[in-house]
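A.B. asks: The listed protein sequences correspond, in order, to chains A and B. When we follow the working numbering, the leftmost residue of the first sequence carries the number 17, and every step to the right adds one. When we follow the working numbering, the leftmost residue of the second sequence carries the number 26, and every step to the right adds one.
Hints listed in this document are in silico derivations from the structure and should not be mistaken for laboratory results. Please note that a few of the clues may not be correct.
Each pair of labels, with its calculated beta carbon distance range [said to hold, decoys possible]:
no., chain 1, residue 1, chain 2, residue 2, range
1, B, 350, A, 212, 27 to 35 Å
2, B, 340, A, 212, 22 to 30 Å
3, B, 220, A, 37, 28 to 36 Å
4, A, 233, B, 254, 30 to 38 Å
Every residue gets a Cβ at the ideal spot worked out from N, C-alpha and C, and that includes glycine.
In case you want the letters, here they are:
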Amino acid sequence: MNILVFNSGSSSLKYKLFSMPEGKELLGGEAQKVGPAMTASSRIVHRINGVESIHKVPMTNPAAAFAEVMKLLTAEQAFPIDAIGHRMVHGGTFFTRETIVDEAVLATMKRIENLAPIHNPPSLQIVESCQAQYRSLRQVLVFDTAFHSTIPDYASCCPIPSRICRKLGIRKYGFHGTSHEYVCRQAAEFLGVPFEEFNAVSCHLGSGGASLCAVRQGCSIDNTMGYSPLQGLIMSTRTGQLDAAIPLKLLSLYGNDYHSVSQFLNSRSGILGLSQKYSDIRDVLAETNENSRAVTDAYLWRIQKYLGSYLLYVGDVHAVIFTDTIGETMASVRWEICANLSCFGIQVDYAVNSGEQLKLPADIASADSPVRVLVIQTDEEKAIATKTYWKLN
Amino acid sequence: MHVLVLRPEMNTLHLSVYENQKRSELLATELVDYTDYLEHPGELSGWIARHIPAQSFDVICIRCLFGGQMEGPEWVTEKTIKHLEQLIAYSPVHLPRVLELIRVLQQTFMPIPIVLLFETAFFKMLPEREKIYAIEYTQAKELGVERRGFHGLFHMAACGRTLHSKEQCPVRTSPRIISICLEPISEIAAFFGNRALITSSGGTVLEGLIGEKSCGQIDPGIILDIAREIKWGPEEISQVLTQKSGILALVGKAVTLRDIFLKKSNACKRARDVFQYQVIQHCGAAIAVMGGCDKIVFSGKYAALGEILGPWLLEICRPVMRYQQRPITYEILYEPIDRICADMAFSSFLSQKKHTAS
């Protein structure tokens, strides 16, 4: 069965076609610079059999991007498409597992669009386009929040008046769930531990968003993101955890304009806010001045604190897992985060960790480290294809 | 020797007199709505003189919530007063009251010396990476919010006791201490190498552990959605988050931190589970940044809850003890804040006297 996976961003649309159940990637690509202001430079970077081709086509919105990608795949006639899997960032409390699309599901998704106002609407546009143009193709939604539906009440509830929680659906949802679950399963398999017995802390450190996940017996029991992706670690342009007096003071300053405050906290803060120059921690790490060192210190400190929190919370941990762009490629980040954590049974082998050709999945812990430290390449699209396949079969 | 300890809070001024070497206070009273009296200094000094005979103390000690970079104990001089006046922008409600109190006390009880103790002193050397929030530097300065603690005096007393304890591990000269101050708004700090490394608190009560009425740490996205969907302004939101949230919101009625450990209702159990989960979070962070832990010390109004939390936390820390190959012990500092202030005032007075004599 061939499953086409869509992973939609605010101005891009990634896609991969997998042959399931083997999980073999047949082709893939990305529609880039999708949006009215970027139409002149919109293009699809397409990959098949290791060969890349560029197709310049105007794409004013996600629906247009979807249409162009499907046109390309249909024209190629390389592989049939049997089903589609979509990454959905937020399913609220309505969707705690992957779900087959029907009218009722679409209606509910439209109602909760605002839970992830940047990510959910473009994904939904593609689902609706597919419903309209390819009715026979079954579609499955796979939610970032689903893996975290097992976070216990004491960690997910919000101690504010219940009428406010009920009205706005306030609780901790957690994000990057598809990635965290995927790497934890990979890690469990790597270590030969049954997934339902596996305890770990998964560190999804991307160049954009980032989160840690505490996993006990194969279930998520906490995530550093919360009700929104704004909570937790210092990210490329997001603040992460901060005193709520700050958004309140900003609301006063901006005359109650929550859009401006949201913009400030989501798009102008984090590493960009601290460095006033770069949003990517790799660029900050490449500099050696005092300010860059201070930004790096703050970034690493926050991760180390959360890692300590989760290591104590999970208890007997099998592994710490590093994944996504920064987690997979930045040896210095992994080393600094794990420094001083022998009290949690963690010892990283400096030489293995720093090895130039680190082949993933890799175990960078020293031989006598009771807790293993793994570096695993995440593949959210493959995880979505796998979930889609098993949902339909 | 006797010390008059004053603790100005939101609406109430607590006063107590302690004698050196005696554990219990000789006298304790409070004046509710004392801020009304501050506008009439003569009435305030009259009230104090009626309730606290001038001959009953040799030193006056005021507990201050904020002192900037001042370490304390700080004996009041004109220079001190000028320094505090410059800090008013950072503590616009509390510091003016402290300054007015100093003026009234100086008028009424001159020449009895006045010493100030600052809750912020313990956190003076908090590392920059701990203090800052990830927002633009200029905006951060304008907002004037950086992470600091609120119960420095309890932490100072708790850590000081451990540092001077004969039972301290002889191999380690600088013990790694987790100080847990159990109050209506509790606070956890990590103390190592003669400084505080982390605090669970924020720049205000809107970060940190769940309080009796305050929410503690909350996702900033929630603030924005409340503003957008319910259309409340910042003051209204702040009021709800600081006065109608926390344990009050979970239990549905006003109960204390002690109550949630002693009462058996499901609502109290839920609040207890939330509190304990947060304690684990902050203790885990403390252990990570210190590279281990040697001692956990409980203090505060509800210090006695350490008798429940201590054994429980040691069980949670069992893997850490195994890996660091050293035990963690816990201790409880039962002294109330006024006794701690009195002890610090005594100590400072005697040390100053010794310095003057030499």
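A.B. asks: Check the structure against each numbered hint from earlier and tell me which ones fail, lowest number first.
C.D. replies: Going through the list in order, the structure violates hint 3 alone and respects the others.
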